[in-house]
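**Q** Below are the chains, spelled out letter by letter.
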Amino acid sequence: MAPRRDGDRHVTGSLLELEHLGYRYGPATGTAPLAIEDVSLTVPAGSFVAIVGPSGSGKSTLLRLVAGLLTPTAGAVRIDGAPVHGVPADLAVVFQDYGRSLFPWLTVAGNVALPLRHLGLPAAEREQRVRDALGEVGLAGAAERHPWQLSGGMQQRAAIARAIAYRPRILLMDEPFASVDAQTRADLQDMALAVWRAHRSTVLFVTHDIDESVYLADRVVVLSQPPARVVAEVAVDLPRPRDQIETRASASFVGLRADVARRIHRPAGG
Amino acid sequence: MTARGLGLRLSVLLGLIAAWQVAATLAASPALWPPFTTVAGRLWEAWITDPAAWVESIAPSLGRLLAGWAGAAVVGIAAGTLIGLNRTVRDYLDPAMAFLRAIPPPVLLPLFIVLLGIGDAMKAALIGFGAVWPILLNTADGVGSVEPLHRDTARAFRVPRWTVLWRIVLPSAAPRIFAGLRLAMGIAVILMVIAEMVATLDGVGFELVQAQRSFRMVDVWATILLLGLMGYGLNAALALVERRVLGWHRGATATAT
Amino acid sequence: MPLAPVARGAAGLAALFLLLEAITRAELVNPVYLPPASTVVATAARLLLDPVFLASVGGTLVAWGLGLAAAAVVAVPLGLLLGASRRAHAATAAAIELLRPIPSVALIPLAILLLGRGIDMRVALVAYAATWPLLFNTVYGAHAVDPVALEMARAYGLGRWAVARHVAFPSALPFVLTGLRISAAIALILAISTELIAGGGAGLGTWMLSSSQTGVPRELLYAGIVVAGLLGLVIDRLMLVAERRLVAWHPRLRAA
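Chains as they are written, first to last, in this note's numbering: chain L, 1 to 270; chain A, 1 to 257; chain G, 1 to 256.
If we strip away everything but chain L, and leave its shape as in the complex, we get (with noise of 0.2 Å):
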């Protein structure tokens, strides 16, 4: 099958700006360690970002930062324009410890309906809502299970099916796949593409994996040993949709997965 380019995806301005973001742990005044240095980024609408960076890079702290959960000491965070303060409306997060994100009291259908309980629906579209997820994440069998009678892949889809449902603008991403086996991270990674394209919606990924920076995103932001500074931002124009196999083979992916990792590696000018 012939690769096809995504022509109707138009890139509207950018929806999710971050701006000299800084972090420090512990009081702003003091010689806490320095998380994120300097961070600037802009994510277009509908754009699929990936951040990628050495472990304990301060990833999953820009993260936080970018959900409201921590404030940050340096910088804004904005959307459309507007600073934001506090949790922002329209995004949802997706954590990579799914075991610990899902209510283990809920059934699978009770967490992913759990977000939608102050939205104000109507029942019915509340659980439509839930039931399309579901299906959409191929757990409408599961609905009634509760968490920890799923395999860790399915229990991630679970999390995924309780974003979707939340019909965010903005995904974000926290090594969502990094605690489940090879073969069912290829499947949640394509799992996250379709869902991507179905919403139009804009995720932010972060991941450690190099690889899945590369297969998943249309541009490929590289982070610095901490205290984290963008290092290199590489656009991916791999066509879509991409194939496990396919894209891997092709030698834009090899080259482009070689560039990503050269400049993990070497920061310093390359």
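Any given hint might turn out to be false.
Examples of chain L residues toward chain A, derived with CB under 8 Å [what the hints assert, rightly or not]:
(1) Val93
(2) Asp97
(3) Leu114
(4) His118
(5) Leu121
(6) Trp148
(7) Phe253
To be clear, the hints were calculated from the coordinates, so they are not data collected in a lab. C-beta atoms are modelled at their ideal positions from N, C-alpha and C, and glycine is treated no differently.
Got chain L; can you put chains A and G on it based on the hints?
**A** For chains A and G alone, kept in the frame of chain L given last:
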């Protein structure tokens, strides 16, 4: 439980009863050590099959016990939640609570009699005072140790505070809260018996003291067995509720190894 | 400026006292029956110097200590045994389940008839009540022994006794001490309850019983309550300190 395990338990139980029977018969002083059959017979006719005993003694006792325990549950869970969620409140209340908790509840009997008379309110209050502490402390611990990622998840989806409390904080503290409720039940039974032995004109504890004062040894034994059965029944009922409410917890802890 | 936790705690205690003082000063209840909190605290301070009262407290503490010690002698070895042996556990489970729900205070009348009203009756009841928390915590602790540590000990050829002494007991110790602290509180409740119901002999409960029967002054009675609370508090704190010292190495405490 396996059938073999059950068989072992039953045979041990029967063995104990047989030993009681034989020892009591050999001792041949039925005034002090009545045989099991005599005691069981008295338990059956004077308590279990006597409607008057249910209406005049068991019902009032259970009523006081459950009123005190339920009051302790409401106060303990509410106050425990407040203390568990708010470090400052906890700092203010900790020493005062440590002192109140350390008072052995029976010494409060004279005070409660002055304040509330010798009626049911006094007994329920005494039971509630003793039973509230394990519930309160367990709730505070459970509420204070909610998985941080659960909190983050709730915040990221902008779940309102009230929903977080009802749907996330309290369910995740529920195993600890139930542990507190179970401990409180044991204390409540003890305090019910004390309160009825010291100041009352009805109830199982009252009947027990009456039997002792008139040297009706068989009745003393039978009433003790009755109280044991009541304690067992209350525990079993609570365990049943707990299994229903905390089904997810047993499953979740069984899978997480 | 935020207050230190200790200052907050002191403020909380002071607030409790002022609240009680206000309630008692408002004279909602006849002050003959409910004297002001300050009077009660002053009386309690005086009581702590009263030899008759101190002898009563001593009497309670003797029954408490002997009963608790007897419970420990029985419950700890039994708990280790039940925790180590599946068969022993299964065999005794029914008996334990039968005995446990019997509220210890219900045995007071029986004990009076069988043992009289002397110290041995009190000690027996205190011991009975104190046995359960100790037993269950010890069994739990013995179950919690790391199987890897046990296998390692066996691999190095340690005998049964050595394993129990050097591996099982130290691992279970924190749980044993927690059980001891819970038992200490229950033992105090039982010691005082026994005195309240059976009377006779020197004890805090007996003392309260007689001062409540002589009527006024009531503040004596309430001062007794304050002292009983302090006694419970001191016992609990001492146990806690001992617990921390003895098992400072244990991960359960280090984590906390």
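**Q** A separate judgement is required for each hint: does it hold in the structure or not?
**A** Each hint, compared with the structure:
no., hint, result
1, Val93, "holds, 4 Å"
2, Asp97, "holds, 6 Å"
3, Leu114, "holds, 6 Å"
4, His118, "holds, 5 Å"
5, Leu121, "violated, 14 Å"
6, Trp148, "holds, 4 Å"
7, Phe253, "violated, 32 Å"
Violation of the numbered hints given earlier is confined to hints 5 and 7; the remaining hints are satisfied by the structure.
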